[in-house]
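Got chain C; can you put chain P on it based on the hints?
2 protein chains.
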Amino acid sequence: MKIPKAIQQLIESFERLPGVGPKSAQRLTFYLLHVPQVELDRFAHSLQNLKNGTIICSNCFSIGETDPCDICTDARRDQSVICVLEQPLDVLALERSRKYIGLYHVLHGKIDPLNNIGPDEIRIGELLQRVREEGERVKEIILATNPTMEGEATAMYLAKQLRGVSTTIKITRIGRGLPTGADLEYADPTTLEQAMMGRSVY
Amino acid sequence: MKIPKAIQQLIESFERLPGVGPKSAQRLTFYLLHVPQVELDRFAHSLQNLKNGTIICSNCFSIGETDPCDICTDARRDQSVICVLEQPLDVLALERSRKYIGLYHVLHGKIDPLNNIGPDEIRIGELLQRVREEGERVKEIILATNPTMEGEATAMYLAKQLRGVSTTIKITRIGRGLPTGADLEYADPTTLEQAMMGRSVY
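Protein sequence lines, in the order shown, are assigned to chains C and P. Numbered according to this note's numbering, the first sequence spans residues 1 to 202. Numbered according to this note's numbering, the second sequence spans residues 1 to 202.
Isolated chain C, as found in the complex (with noise of 0.2 angstroms):
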C-alpha cells in the first residue's frame, strides 16, 4: 500500500521535531484528518508567520515583538540587575513567576565542550560588551543557567569573565536546593547536599 503523498511529507515534518518519534508523527497526522481545514490552515499561518512576527532583541538577546524588546524599554523594570540565561524559554519561566523585575540576557545556549559549542558560539562577548557599556548602572548580575554539567560551567566561566570587566559588580547564582513539593526522602545526595550549604535563617 502507497501511503498517500500529502500524509507523508506531513508525517514526516513532524518527525522533524524534538521529541516526535514515527509513530508520535502518524497519530499526530491522522488525528489532523478529522480537523476542520479551517483550522489546519491556522495552524499552517501560525507556522509561516512565526519569524516574520518576532524579533531577536539586539540587547538582551530574548525573543520579542520589537527591537529593543518591551522588558528591556519598560522604564518600571530595575535596570540595575541582569539575569542571565541559557533559552528564550526561560524568560517565559520567569517572567511566569512574576517575582523578578530585573532585565535578562539571553546566551542562547551553554558552553558545551562535546558538541563542539564553546564560549564563541554564545552571547557571552555580547554580554561583556554590554556590563561594560552600562558601568556603573549594572549593579548585580545573576546566573541563572541550569544547574547541569554544562549550565555549571558556564556560570563559572562567566564569573571569571565578568570579574575582569568590573571589580565591583555583585555576582551571584540562583539558589540551589529542594524545590517545592519535593520529598527529603526521594532527593539526590547533590541536591541535599545544596540544600544544606544554601540554609537560610528562618
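To be clear, the hints were calculated from the coordinates, so they are not data collected in a lab. Note that the structure is a prediction, hence the values are computed from the model and not measured. Don't take every hint at face value.
Which copy? The list can't say, so a pair holds if one copy fits it or any two copies do.
What the hints assert, rightly or not - Below, computed lysine-lysine pairings styled on DSSO-like, alpha-carbon distance capped at 27 angstroms:
#	residue 1	residue 2
1	K2	K99
2	K99	K23
3	K2	K139
4	K99	K5
5	K51	K2
6	K5	K23
7	K23	K2
8	K160	K170
9	K170	K51
10	K139	K160
11	K139	K99
12	K160	K5
Using the frame of chain C, we list chain P on its own:
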C-alpha cells in the same frame, strides 16, 4: 512580559494536538524559531494540503489518494477476505507486516457507550451492506478491532450482525497471546490465559 503573538498562536495550535501539553507546545514552538523559513513553509504547506490530497475510499473507508483506493482496486489482492479495523492507521500497521494480502474495512471507531458511540456512529452498516452485495465472493471476515473492552464488544456485535447477513461466511478474530519479545514472567493473567487457549500444534 507579553509573549509575541506569532509565538502564542503557534503554541496554541500545538496545544490542540493530542498528547501535546502546554510545555511541549512551547518547546516545539521555540525549537521552530531556529528552523529555516523554507522548512516552516514546507510544514505549513503539508498541513494545508493534508485534506485536499487525501480521500476516504467509499468501499473500505480507508484513507487514500483515489476512490476506490489502490488496495480495493488491486487485482492481485485476495478479494475473498475482509479484515475489519478500527482506524485508518491500523491499515498502515498491517500493511507494514506485508503478510496480509486481503482487503480491509475501516470502522472509524469502536462501539463505546461511555462516549456515546453506538453501532450507528461507526461504519458497521456499510460493512454489512458490502458483505451483502459481495455475496459469495467474500469467504472470510477477520475481526481485527483492538483487544480492549470496547474493541471486543465491537467484534462481538459485528460477529452477531454478520451472522445475520450470511450463514456460510467464516468469521474470525485476530490471534491473542504473547507478543514477540515478551516475557512470560511479566505477562498479565488475561494474556497468558489467551495464549494458552490460542496455542497451536508445534
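The hints, checked one at a time:
Within a single copy, K2 and K99 get their C-alpha atoms only as close as 55 angstroms, which misses the 27 angstroms cut-off; across copies the closest is 16 angstroms, which meets it. Only between protomers do K99 and K23 lie at most 27 angstroms apart by alpha-carbon distance; the minimum there is 20 angstroms, versus 41 angstroms within a single protomer. For the identical chains of this complex, K2 and K139 are inter-copy neighbours only, at 26 angstroms across copies versus 64 angstroms inside a copy, given an alpha-carbon limit of 27 angstroms. With identical chains, the CA atoms of K99 and K5 are at most 27 angstroms apart between copies only, with a shortest distance of 23 angstroms across copies and 50 angstroms within one.
With identical chains, the CA atoms of K51 and K2 are at most 27 angstroms apart between copies only, with a shortest distance of 16 angstroms across copies and 34 angstroms within one. Within a single copy, K5 and K23 get their C-alpha atoms as close as 17 angstroms, which meets the 27 angstroms cut-off; across copies the closest is 31 angstroms, which misses it. For the identical chains of this complex, K23 and K2 are intra-copy neighbours only, at 17 angstroms inside a copy versus 35 angstroms across copies, given an alpha-carbon limit of 27 angstroms. Within a single copy, K160 and K170 get their C-alpha atoms as close as 12 angstroms, which meets the 27 angstroms cut-off; across copies the closest is 79 angstroms, which misses it.
For the homomeric pair K170 and K51, neither the shortest alpha-carbon distance inside one copy (36 angstroms) nor that between copies (58 angstroms) is at most 27 angstroms. Taking the shortest alpha-carbon separations for K139 and K160, only the intra-copy value of 16 angstroms comes in at or below 27 angstroms, while the best inter-copy value is 79 angstroms. In this homomeric assembly, K139 and K99 come within 27 angstroms of each other (Cα to Cα) only inside a single copy, at 18 angstroms, whereas the closest approach across copies is 71 angstroms. Neither within a single protomer nor between protomers do K160 and K5 lie at most 27 angstroms apart by alpha-carbon distance, with minima of 55 angstroms and 38 angstroms respectively.
The structure shown violates the earlier hints numbered 9, 12.
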